[in-house]
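S.K.: For chain A, the structure is supplied; the task is to place chain B on it using the hints.
Those sequence lines, one after another, are chains A and B.
Per the working numbering, residue 1 is the first one in the first sequence, and the count goes up by one each step.
Per the working numbering, residue 1001 is the first one in the second sequence, and the count goes up by one each step.
To be clear, the hints were calculated from the coordinates, so they are not data collected in a lab.
For glycine and all other residues, C-beta sits at the position ideal for the given N, C-alpha and C.
Certain hints may be false.
As the list claims (entries may be wrong) - Quick list of the computed label-pair ranges, beta carbon to beta carbon:
id	chain 1	residue 1	chain 2	residue 2	range
1	A	T99	B	K1100	27 to 37 Å
2	A	G44	B	R1270	21 to 31 Å
3	A	N141	B	Y1087	38 to 48 Å
4	A	P180	B	E1292	52 to 62 Å
5	B	R1099	A	G44	26 to 36 Å
6	A	Q132	B	D1271	33 to 43 Å
7	A	N141	B	F1114	40 to 50 Å
8	A	L21	B	K1100	14 to 24 Å
9	A	I91	B	T1105	28 to 38 Å
10	A	D125	B	N1064	47 to 57 Å
11	A	K145	B	P1091	50 to 60 Å
12	A	K191	B	R1099	38 to 48 Å
13	A	T99	B	L1282	26 to 36 Å
14	B	E1292	A	T99	12 to 22 Å
What the hints assert, rightly or not - Result set (DSS-like, lysine-lysine): computed pairs, CA atoms no more than 30 Å apart in a straight line:
id	chain 1	residue 1	chain 2	residue 2
15	A	K76	B	K1167
16	A	K145	B	K1036
17	B	K1167	A	K7
Claimed, not checked - Here are some chain A residues the structure puts well away from chain B; computed CB gaps all over 10 Å:
id	residue
18	Q32
19	S55
20	S62
21	T81
22	E122
23	I163
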Amino acid sequence: MADSGIKLLETENLTKRFGGLTAIDDLSLSIQEGEIRGIIGPNGSGKTTLMNLISGLYKATSGAIYLDGNRIDQLKPNVRTSKGIIRTFQIPKVFRDMTVLENMLVPALSDSQGDRYKQRVEIVDQAQELLQFVQLSHMENRSAKTLSGGQNQLLQIARGFMIKPLRIYLMDEPFAGVNPQIKSVIMESIKEMNREKGITFIVVSHEMPSIRRLCDTVTVIHEGRCIAEGTLEKVAHVPAVIDAYIGG
Amino acid sequence: MIDSLLLSQYLIAGIVIGIMYALMAIGITFIYSIMKMINWSMGEFYMMGSYLQYFLVVYFLGANLWFLGIPLSMAVVFVAGMIIQRYLLRPMFVGEMERKDEYATVVTVSLMVFFRNLAVVLAGPNQFAPPDYAGPTHIGPLPVSGNRFVALIGTLVILGLFYLIVKKTWVGKALRGSAQNRVGIQTAGVNVLRVDQIAFGIGVSLAAAAGALLAPIFLVWPENGAIATMKGFEIIVIGGLGSIPGSLLAGLLLGIVESLGSILISPSFRDVYGFILVLGILVVRPTGLFGERQRVA
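Pulled out of the complex, with its shape left as it was, chain A reads as follows (with noise of 0.2 Å):
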């Protein structure tokens, strides 16, 4: 699904401080409904620190977020989840000692999904048919540490699309250390959630071409600021993200 043009998320002049170092120094950002936008940049760049603004669990130090024209900086991550803000982690934060599927489940206890004893058999259905979709069905009884860390990672981002509304998905690293069989399934996940459903996707990766295949524009993120804008070709251009890939 193309941008809509309508502003969904918005950073103003957001800063993030630890003691003396600026993780994100002063970033404005604008990412529009119905775009995958890929966020890049080398190691140490301010990358998950933005998806932990974002996601709410850290508070920033200065600046503001909106979604939808709201301002949400101020609110816990359960609630701007209930707004439809979902994440995923690079080291993925699934239950270890519940099942595949009663990982599925535990979004269900969120304030948002209402009278959730009603509707248990339909929130059953669904994650099941979630995890048919991630081909992790198989494996829905099995307890959650005997998956691969790939396998954990599909658990992971299956879970997040149980969360209704689900507005903008926050992707960190989704294909580190995966292997390339579960990268195309998160791929074509992420390509038909965004194509069907108009789920608004930010996607930090190291992956260029991965990167490449679902991002019509990419930020550069150097030492918390935005260094450049675009497609990937064309910020692959930019002296200033050269310098900071190479260390000019």
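M.R.: Using the frame of chain A, we list chain B on its own:
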């Protein structure tokens, strides 16, 4: 030569007391596993449970309806725990507070001192005993005190209910999710602060259940929770902090060791046997029987 009947009797007594110790330890470890804090005032919630049971049985329910006092005491302490968590402990999880452990220690140690003194002010320093729950009975051929038998059955019922809530309900899923991955549960949309509140309420109500069940055996007085707390922490070291099966097994082990030590060596050093067991476990397996090494990412 020790009589085998006497040995069996002590063994059963050890198992009975061990399961009751475990109830207290499970309360402590349950709160720790979810909130990642030690509640040093657990003994005072045990004490509250014992006082509530005593006053309910003596002044309201009567000796025949003693069994109603136990869920009522648990319910009152559950609500008190939720309120205490909301106003005194939740602030440490809101914002980016540093030194959470120190905050929790200061608050819960203060609660310990406060509740002990409150009990003295309200009920005096005297010891009370509710009427016996049951007369002497037998487990197989072995005679056993009725109060201990009732406490054993009551503990097993409460542990069974606890298991069902944690394993089979939606609330239980949220509790387990919070224990397994606190960040993951928040980003799945669950209000972890509310889960903390429920967990704290359940944890302290388990301590209250132990206090209510053991009231006729260990009596009711302002500092009666101190021994139960000490045993609870011994069990956690033996079983492993955060492990509920570990607490259950360690409770049994501690009860049996204390009981057999009393008959094989001397009952005067009953508490010492438990500490020797703790030291032995610390030497062989510092994380406890079921404890896991934690990796700080």
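S.K.: If a hint holds in the structure, say so; if it does not, say that too.
M.R.: Hint check results:
1. As the Cβ distance of T99 of chain A to K1100 of chain B is approximately 31 Å, the hint placing it in 27 to 37 Å holds.
2. Distance hint check: the CB atoms of G44 of chain A and R1270 of chain B are about 58 Å apart, inconsistent with the given range 21 to 31 Å.
3. Between N141 of chain A and Y1087 of chain B the beta carbon distance is about 42 Å. The supplied range of 38 to 48 Å therefore holds.
4. Roughly 33 Å separates the CB atoms of P180 of chain A and E1292 of chain B, a value that falls outside the hinted 52 to 62 Å.
5. Separated by about 27 Å at the C-beta atoms, R1099 of chain B and G44 of chain A satisfy the suggested range of 26 to 36 Å.
6. Between Q132 of chain A and D1271 of chain B the Cβ separation comes to about 58 Å, which falls outside the hinted range of 33 to 43 Å.
7. The supplied range of 40 to 50 Å is met by N141 of chain A and F1114 of chain B, whose beta-carbon atoms lie about 48 Å from each other.
8. In this structure the supplied range 14 to 24 Å holds for L21 of chain A paired with K1100 of chain B, their Cβ-Cβ distance being about 22 Å.
9. Judged by the Cβ atoms, the range 28 to 38 Å given for I91 of chain A and T1105 of chain B holds: they are separated by roughly 30 Å.
10. Distance hint for D125 of chain A and N1064 of chain B: a CB-CB separation of about 50 Å, consistent with the stated range 47 to 57 Å.
11. Taken as a hint, the range 50 to 60 Å is violated for the pair K145 of chain A and P1091 of chain B, whose Cβ atoms sit roughly 34 Å apart.
12. Separated by about 46 Å at the C-beta atoms, K191 of chain A and R1099 of chain B satisfy the suggested range of 38 to 48 Å.
13. For T99 of chain A paired with L1282 of chain B, a C-beta distance near 34 Å keeps the hint of 26 to 36 Å intact.
14. At about 20 Å, the CB distance of E1292 of chain B to T99 of chain A agrees with the hint of 12 to 22 Å.
15. Taken as a hint, the K76 of chain A and K1167 of chain B pair is honoured in the structure, with Cα atoms around 27 Å apart against an allowance of 30 Å.
16. At roughly 21 Å between alpha-carbon atoms, K145 of chain A and K1036 of chain B fall within 30 Å of each other, so this suggested pair holds.
17. Pair hint K1167 of chain B plus K7 of chain A does not hold up; C-alpha atoms about 43 Å apart against a cutoff of 30 Å.
18. Look at Q32 of chain A: its CB is around 23 Å from the nearest CB on chain B, clear of 10 Å, so calling it non-interface holds up.
19. Here S55 of chain A does not stay apart from chain B, with its beta-carbon only about 6 Å from theirs, under the 10 Å limit.
20. Consistency note on S62 of chain A: stated as away from chain B, and its beta-carbon is indeed over 10 Å from all of that chain's, at 15 Å minimum.
21. T81 of chain A, annotated as away from the interface, has a beta carbon of chain B within 10 Å; the closest lies near 4 Å.
22. Its beta-carbon lying about 14 Å from the closest one in chain B, E122 of chain A satisfies the requirement of being farther than 10 Å from that chain.
23. Chain B draws I163 of chain A into its interface by the beta-carbon criterion, the shortest separation being 6 Å against a cut-off of 10 Å.
Violated hints for the displayed structure, listed by number in ascending order: 2, 4, 6, 11, 17, 19, 21 and 23.
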